[in-house]
Amino acid sequence: MSDNRPEHPDSGSLPEELSSPRPSDQASGPGNTRESDVSADSHTNSSSGADLYTSGHGEGQRHSDQPAKAAAHAPHAPLSERDARIAERKVASLFLVAVLGVIGFVVTFFAQEQEFGQPGNAYFTPMLGVFMTMALGGVGAGTVLWAKLLMVDDEAVQERHPFGSAPDERAATAKALKQGIADAGLPRRKLLRNSLLLGAGSLALLPLPFVGFLGRFQHKERELATTSWVEGVRLIRQNGTPVKLGDLQIGGVESVFPDVFHGTIAADSPALLIRMRPEQLRLEGEQQDWAYQGHVVYSSICTHLGCPVKLYEQQTHYLLCPCHQSIFDASTGAEVIFGPAARALPQLAISVDDEGYFIAGGDFAEPIGPSYWERG
Amino acid sequence: MLLALSVVGTLYTAVAGPSSAVEEPAANQSTKVQEGRDLYQSGCSTCHGLNLSGGAGGPSLIGVGASSVIFQVESGRMPLAAGVHQATRKQARYTLEEIDALAEYIQSNGGGPTVPEGDLNDGDLQLGGALFRTNCASCHNFAGSGGALTYGKYAPELESASERVIYTAMQSGPASMPRYGDNQLTVEEKKAITRFVTYITSAENVGGASLGRYGPLTEGLVIWVVGISVLILMTLWIGARS
Numbered sequence: 117m118s119d120n121r122p123e124h125p126d127s128g129s130l131p132e133e134l135s136s137p138r139p140s141d142q143a144s145g146p147g148n149t150r151e152s153d154v155s156a157d158s159h160t161n162s163s164s165g166a167d168l169y170t171s172g173h174g175e176g177q178r179h180s181d182q183p184a185k186a187a188a189h190a191p192h193a194p195l196s197e198r199d200a201r202i203a204e205r206k207v208a209s210l211f212l213v214a215v216l217g218v219i220g221f222v223v224t225f226f227a228q229e230q231e232f233g234q235p236g237n238a239y240f241t242p243m244l245g246v247f248m249t250m251a252l253g254g255v256g257a258g259t260v261l262w263a264k265l266l267m268v269d270d271e272a273v274q275e276r277h278p279f280g281s282a283p284d285e286r287a288a289t290a291k292a293l294k295q296g297i298a299d300a301g302l303p304r305r306k307l308l309r310n311s312l313l314l315g316a317g318s319l320a321l322l323p324l325p326f327v328g329f330l331g332r333f334q335h336k337e338r339e340l341a342t343t344s345w346v347e348g349v350r351l352i353r354q355n356g357t358p359v360k361l362g363d364l365q366i367g368g369v370e371s372v373f374p375d376v377f378h379g380t381i382a383a384d385s386p387a388l389l390i391r392m393r394p395e396q397l398r399l400e401g402e403q404q405d406w407a408y409q410g411h412v413v414y415s416s417i418c419t420h421l422g423c424p425v426k427l428y429e430q431q432t433h434y435l436l437c438p439c440h441q442s443i444f445d446a447s448t449g450a451e452v453i454f455g456p457a458a459r460a461l462p463q464l465a466i467s468v469d470d471e472g473y474f475i476a477g478g479d480f481a482e483p484i485g486p487s488y489w490e491r492g
Numbered sequence: 106m107l108l109a110l111s112v113v114g115t116l117y118t119a120v121a122g123p124s125s126a127v128e129e130p131a132a133n134q135s136t137k138v139q140e141g142r143d144l145y146q147s148g149c150s151t152c153h154g155l156n157l158s159g160g161a162g163g164p165s166l167i168g169v170g171a172s173s174v175i176f177q178v179e180s181g182r183m184p185l186a187a188g189v190h191q192a193t194r195k196q197a198r199y200t201l202e203e204i205d206a207l208a209e210y211i212q213s214n215g216g217g218p219t220v221p222e223g224d225l226n227d228g229d230l231q232l233g234g235a236l237f238r239t240n241c242a243s244c245h246n247f248a249g250s251g252g253a254l255t256y257g258k259y260a261p262e263l264e265s266a267s268e269r270v271i272y273t274a275m276q277s278g279p280a281s282m283p284r285y286g287d288n289q290l291t292v293e294e295k296k297a298i299t300r301f302v303t304y305i306t307s308a309e310n311v312g313g314a315s316l317g318r319y320g321p322l323t324e325g326l327v328i329w330v331v332g333i334s335v336l337i338l339m340t341l342w343i344g345a346r347s
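For the record, the sequence lines run as chains A and B. Under the numbering used here, the first residue of the first sequence is numbered 117, with each subsequent residue one higher. Under the numbering used here, the first residue of the second sequence is numbered 106, with each subsequent residue one higher.
Because the hints were derived from the structure by calculation, they are not lab data. Incorrect hints may have been included.
What the hints assert, rightly or not - Restricting the straight-line Cα-Cα distance to at most 30 Å, the calculated cross-link-like pairs of lysine-lysine (DSS-like) are:
id: 1; chain 1: A; residue 1: Lys-426; chain 2: B; residue 2: Lys-258
id: 2; chain 1: B; residue 1: Lys-195; chain 2: B; residue 2: Lys-258
id: 3; chain 1: A; residue 1: Lys-426; chain 2: B; residue 2: Lys-195
Produce the entire structure from the sequences given, and follow the hints as far as they go.
Take a look at the structure:
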């Protein structure tokens, strides 16, 4: 962030400022030679009295304790030949562990025979993992240890270059720009300048049609509010068979889908057919007509965040959403009795056709699933 | 000849004796029913009533069928230890013969679903898996390790359940569990589910540890706590000065 040389407050000492650090910057590269430059720099600056950084920024401090730090982390003395050989053996043994790991991995993999439906060897995957750890870990740990024990460990400092251009370059650029503006006659020709501003400014309106274009992706009228259920369509199971009256015993439950194209995979259509004793159903108003002899169908998509509500307790008639524990009472129109869901699960009107199969009386009366903006 | 006949005869009685309806059905049946009645009177009638019609805390057992008895007694849920909101699985108090006798007695009073003859574990594994995921996994978890229901109730794990208990649970719909009649899940489909449950609960843990078989929750916890800790230790080691 802060570079070693301060912004120059005035152009008075420009030439010498420029001439002194530049060449050394490029020549020195990483190394401690830079430090002498910096300290020389700070000396010249403080003598000129126009600097900010030696007084307040702590930069000077950094430079002053740099030698101490370097002493603390002085490269450790090269290992004796005997120690170096021991270290070499340590590293080499880790690399050999990697070889053993690879061999063990391959042998384990091909020694395993497994048949579908039969329990296999419980140690197969863990052994593969152990051998793979040996293989990869051996190479990795060996390399790290190599670097720690045997490689040269001295610290190199690389100074950062200032990001800005040199002051004389900046001055030259500013001068050229001013000259250009003057040459184009902008200060004098007001009409030219103002019409240019107007023309360029109007370009900002160009993307406006694209904003309007986004509106075309708006969903169709009530698309979110309707599902694949239509009047007269049969209730089918996931395997496609229709559900007949009497298939479910009291206390029974079945996942049902509309018998339409892609009905079993349509995201908005899954529902739950529940049977209880007719007297246990305590529905009100038109919802009473939507049930059939103790059978009720509710959308199985939670009105909170759309999780599948399929945990049904046949004694309490509670439906539980596994995601956030919303509880719906299936005997009273799936109204919420606990949890974050805000609305009851929509109920599907059902009846039975001539052949005794369940059919839907139409779509859900209200949008299924979680809330959305236009739901109203 | 005589020897062969007697061998065949003995074998026949041994294999088909108890279930045979040809030889002395009435006597065989009635002794078993009688035995079951005695067991019932001494062990169950306090709650369920002397004439099965229910009573002090116990529901009526008329029409619940043999499969309900097998589920409740073989899994140790009945007799109930205390008046709790959900019967827990315990060591069974009765032998399998006694359970059969009890089941026979209940079955003779009002009928109800019974366990089919033959191996309950010979269904189609793949079909069982599909049906399990559709009908059972929402409560019992995809690997049969159970899960929470409302207000402290729970769906039990299925590993400790015998084949008969798994099958009769679907038939009888005990406690919170919905009931799956033969029109909804056929005998073959129930056998397939039984096969899948016994397979999935006894399958080896490919990763070495089951972590409760609760899926991403425990697995993620282990990855974060153990995996990340190991990674941090490794970076500390790499970065440390020797």
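The hints, checked one at a time:
no. : hint                   : result
1   : Lys-426/A to Lys-258/B : holds, 16 Å
2   : Lys-195/B to Lys-258/B : holds, 17 Å
3   : Lys-426/A to Lys-195/B : holds, 28 Å
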